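Model the full assembly from the supplied sequences, consistent with the hints where possible.
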Amino acid sequence: DAGVTQSPTHLIKTRGQQVTLRCSPKSGHDTVSWYQQALGQGPQFIFQYYEEEERQRGNFPDRFSGHQFPNYSSELNVNALLLGDSALYLCASSGGTEAFFGQGTRLTVV
Amino acid sequence: QKEVEQDPGPLSVPEGAIVSLNCTYSNSAFQYFMWYRQYSRKGPELLMYTYSSGNKEDGRFTAQVDKSSKYISLFIRDSQPSDSATYLCAMSEIGGGFKTIFGAGTRLFVKA
Chain Y
25 DAGVTQSPTH LIKTRGQQVT LRCSPKSGHD TVSWYQQALG QGPQFIFQYY
75 EEEERQRGNF PDRFSGHQFP NYSSELNVNA LLLGDSALYL CASSGGTEAF
125 FGQGTRLTVV
Chain B
512 QKEVEQDPGP LSVPEGAIVS LNCTYSNSAF QYFMWYRQYS RKGPELLMYT
562 YSSGNKEDGR FTAQVDKSSK YISLFIRDSQ PSDSATYLCA MSEIGGGFKT
612 IFGAGTRLFV KA
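First to last, the sequence lines map onto chains Y and B. As numbered in my numbering, residues 25 to 134 make up the first sequence, in order. As numbered in my numbering, residues 512 to 623 make up the second sequence, in order.
Careful, some of the hints might be misleading.
When the alpha-carbon atoms are kept at most 25 Å apart in a straight line, the in silico DSS-like pairs for lysine-lysine are as follows [what the hints assert, rightly or not]:
hint, chain 1, residue 1, chain 2, residue 2
1, B, 581, B, 513
2, Y, 37, B, 553
3, Y, 50, B, 610
4, B, 610, B, 622
5, B, 553, B, 610
6, B, 581, B, 567
7, B, 553, Y, 50
8, B, 610, B, 513
9, B, 610, B, 581
Here chain B is said to cover these stretches of chain Y; the calculated rule only asks that three of the stretch's residues, wherever they fall, bring their Cβ under 8 Å from a Cβ of chain B [claimed, not checked]:
hint, region
10, 66-77
11, 118-132
Calculated from the structure, these hints are not laboratory results. This one's a predicted model, so the numbers in the text were calculated from it and none came from an experiment. The C-beta atom is built at its ideal place from N, Cα and C for all residues, glycine as well.
Right under this line is the structure:
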């Protein structure tokens, strides 16, 4: 049983560009949440998707958007990248009470 | 004031020691409390999941929640070098992966 998988593992983007990160949830899970983890900090909640709708959102600007597909996989899109967007982006899936994380995508903005 | 406060450490202990990790929080609506372990450049791994106050034990790990004091703890018995990692406390008002607030994480080093 595959756990939560994220792609790509690493990527480097230039300031002002746009990026799309992908997440496949754990088998049987229908809820996907995205987090941003800056170096030396705990993860910060970006938003959560359930039944293809954004259900909750944290304190992130509209540059951060997402999507969930009928197979429960999800994408995180970030527009107009800033240097401060450099971080580890984590996807977590849940199907009940507990949430499980993927290995993350490390985004570097130069 | 942050919603969740966690001492970032680092905390260095000898192998076999009992480790105590702690977090305090300010939001009395938190009902679900988690501890995650994160190795360098990896995603967080769920260690313990607790609902409301009380204790929960799993092998060498014990989680304690005191809602009256807004204080949670994780104890690691017979610590091993492989326990060296960052430990993140996390909590949410609703279970099921709803918006979860994390502490900054405590870096733990267990020396052989």
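Hints, verified against the model:
1. B/581 - B/513: Holds, because 13 Å separates the two Cα atoms, which is no more than 25 Å.
2. Y/37 - B/553: It holds: about 21 Å lies between the C-alpha atoms, which stays within 25 Å.
3. Y/50 - B/610: holds (18 Å)
4. B/610 - B/622: violated (35 Å)
5. B/553 - B/610: Judged against 25 Å, a Cα distance of about 21 Å means the pair holds.
6. B/581 - B/567: holds (17 Å)
7. B/553 - Y/50: holds (17 Å)
8. B/610 - B/513: holds (15 Å)
9. B/610 - B/581: Answer holds: residue 610 of chain B to residue 581 of chain B is near 18 Å, not above 25 Å.
10. 66-77: holds (count 5)
11. 118-132: holds (count 11)
Against the hints set out earlier in the document, a violation occurs for number 4 only.
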